[in-house]
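Student: Each chain, letter by letter, is given below.
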Amino acid sequence: MNTQNKTDREVEKTMQSLDGFQPAKTDPFFYSRLSAKLENREETELEGSFNYGFAFSMAAVVVFLFLNVISLSMYQNIIPDEPATEQEIVEELTYEYQALDLSYYQTFEEE
Amino acid sequence: MQFRNVDIKRVNQKDIEKTSLIERLQDGDEAAFKQLVNDHKDQVYNTCLGFLRNPHDAEDVSQEVFIQVYDSINDFREEATLSTWIYRIAVTKSLELIRYRKRQKRFGFFQALNSLFNNPDEQSDEESYMHPGIKLENKERAKILFREIDKLTEKQKVAFTLQKVEGLSYQEVADVMEQSLSAVESLIHRAKENLIKQLRTYYEQNEMD
Numbered sequence: 001m002n003t004q005n006k007t008d009r010e011v012e013k014t015m016q017s018l019d020g021f022q023p024a025k026t027d028p029f030f031y032s033r034l035s036a037k038l039e040n041r042e043e044t045e046l047e048g049s050f051n052y053g054f055a056f057s058m059a060a061v062v063v064f065l066f067l068n069v070i071s072l073s074m075y076q077n078i079i080p081d082e083p084a085t086e087q088e089i090v091e092e093l094t095y096e097y098q099a100l101d102l103s104y105y106q107t108f109e110e111e
Numbered sequence: 001m002q003f004r005n006v007d008i009k010r011v012n013q014k015d016i017e018k019t020s021l022i023e024r025l026q027d028g029d030e031a032a033f034k035q036l037v038n039d040h041k042d043q044v045y046n047t048c049l050g051f052l053r054n055p056h057d058a059e060d061v062s063q064e065v066f067i068q069v070y071d072s073i074n075d076f077r078e079e080a081t082l083s084t085w086i087y088r089i090a091v092t093k094s095l096e097l098i099r100y101r102k103r104q105k106r107f108g109f110f111q112a113l114n115s116l117f118n119n120p121d122e123q124s125d126e127e128s129y130m131h132p133g134i135k136l137e138n139k140e141r142a143k144i145l146f147r148e149i150d151k152l153t154e155k156q157k158v159a160f161t162l163q164k165v166e167g168l169s170y171q172e173v174a175d176v177m178e179q180s181l182s183a184v185e186s187l188i189h190r191a192k193e194n195l196i197k198q199l200r201t202y203y204e205q206n207e208m209d
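From first to last, the protein sequence lines are chains U and X. Here the first sequence is numbered in the numbering used here, starting from 1 and rising by one per residue. Here the second sequence is numbered in the numbering used here, starting from 1 and rising by one per residue.
Keep in mind that the hints are not guaranteed to be accurate.
Keeping only pairs whose Cα atoms sit at most 16 Å apart, straight-line, the calculated EDC-like set for lysine to aspartate or glutamate is [what the hints assert, rightly or not]:
#1 6/U <-> 207/X
#2 192/X <-> 8/U
#3 37/U <-> 207/X
#4 135/X <-> 19/U
Derived coverage of chain X by chain U (criterion: at least 3 residues anywhere in the stretch with Cβ under 8 Å from a Cβ of chain U; other residues may be distant) [unchecked claim]:
#5 28-40
#6 44-54
#7 59-67
#8 74-82
#9 131-145
#10 170-183
Derived by calculation from the structure, the hints in this document are not laboratory data. The C-beta atom is built at its ideal place from N, Cα and C for all residues, glycine as well.
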């Protein structure tokens with residue numbers, strides 16, 4: 001019984017230990033440190049955004065150059081080694097469109 | 001009656017000043033921000049210290065609170081008072097740091113490794129620190145009480161700390177926690193009951209030892 005009472009008294013005293021609690025105070029340089037932190041953060045953000053912008057533009061230039069190189073190499077593969085003469089071009093066109101193929105009419109006349 | 005009129009005038013004057021301060025803050029007025037910090041820095045610092053019980057962490061978190069206020073003052077809709085809104089940010093930020101520390105503690109191996117490279121004094125800072133506002137004769141008991149408060153659920157801990165340590169009224173605690181008044185009353189009642197149970201167990205065990 002005595003032990004129980006003693007425990008209850010200890011509990012009660014501990015529960016009351018925060019009574020008469022005085023608030024703590026910040027030091028006088030709190031605002032100075034806060035504004036320095038804010039300024040520092042803004043500078044870092046600016047630097048970050050500049051770095052990001054620079055990195056992005058450099059990446060865009062590299063991609064642009066890479067695409068140019070690829071398209072140039074592909075174009076060079078298509079171009080024949082020697083330029084065709086005018087006669088060759090005419091013959092090629094004639095062959096492709098069969099413009100002077102008279103065999104059909106000849107066959108018709110013979111019948 | 002005359003006194004009452006004077007009081008009403010004073011209240012209106014205060015409201016006007018607060019609205020003007022908020023407007024100036026939203027316009028990015030640095031002097032207004034300085035005034036806000038000076039008006040609320042002790043309140044914010046004490047709230048953070050009440051949860052974190054470490055002066056360095058409390059100062060860092062207090063600064064984070066004001067940085068968030070600076071960043072999001074345009075989102076402040078005056079549904080709560082400026083003071084309540086700032087309290088809310090302070091509580092949220094403090095709890096975030098506590099949760100972060102708990103997560104860190106789960107990685108015991110890395111924690112042990114970290115302590116090899118850190119100053120051992122920093123490790124025991126939280127354990128040995130006692131709030132400067134506590135009376136000298138109550139320091140040992142307050143230390144025990146704070147340790148038991150940490151074992152409460154998060155909501156009970158917030159409600160009890162705001163009411164008992166910060167000295168807020170039940171209504172103010174309800175506003176900060178965005179809970180009904182009855183819910184806060186119930187939380188604080190259960191917190192007290194749990195603390196009494198825990199302390200009883202603690203003293204019974206210590207007596208046996």
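Student: Now tell me if each hint is right for this structure.
Tutor: How the hints compare with the structure:
1. Our distance criterion of 16 Å between C-alpha atoms is met by residue 6/U and residue 207/X, whose separation comes to about 10 Å.
2. The straight-line distance between the Cα atoms of residue 192/X and residue 8/U is roughly 14 Å, inside the 16 Å bound, and the hint therefore holds.
3. Using a Cα cut-off of 16 Å, the hinted pair residue 37/U and residue 207/X is violated, with the two alpha carbons roughly 50 Å apart.
4. Note on residue 135/X and residue 19/U: the hinted pairing holds, with a Cα-Cα distance of about 9 Å set against a maximum of 16 Å.
5. Chain U is given as covering the stretch 28-40 of chain X, and this holds because 3 residues of the stretch bring a CB closer than 8 Å to a CB of that chain, at least three being needed.
6. Only when three residues or more bring their CB closer than 8 Å to a CB of chain U does the claim for the stretch 44-54 of chain X stand; here the count is 3, and the claim holds.
7. Check on the stretch 59-67 of chain X: 5 of its residues sit with their Cβ under 8 Å from a Cβ of chain U, so the three-residue criterion for coverage holds.
8. Counting residues of the stretch 74-82 of chain X whose CB lies closer than 8 Å to any CB of chain U gives 0, so the stated coverage by that chain is violated, three being the minimum.
9. For the stretch 131-145 of chain X, the stated coverage by chain U is satisfied: 10 residues place a CB nearer than 8 Å to a CB of that chain, which reaches the threshold of 3.
10. Coverage of the stretch 170-183 of chain X by chain U is violated. Counting CB-CB distances below 8 Å, 0 residues qualify, and the rule asks for three or more.
Of the numbered hints given earlier, the model fails hints 3, 8 and 10; all others are met.
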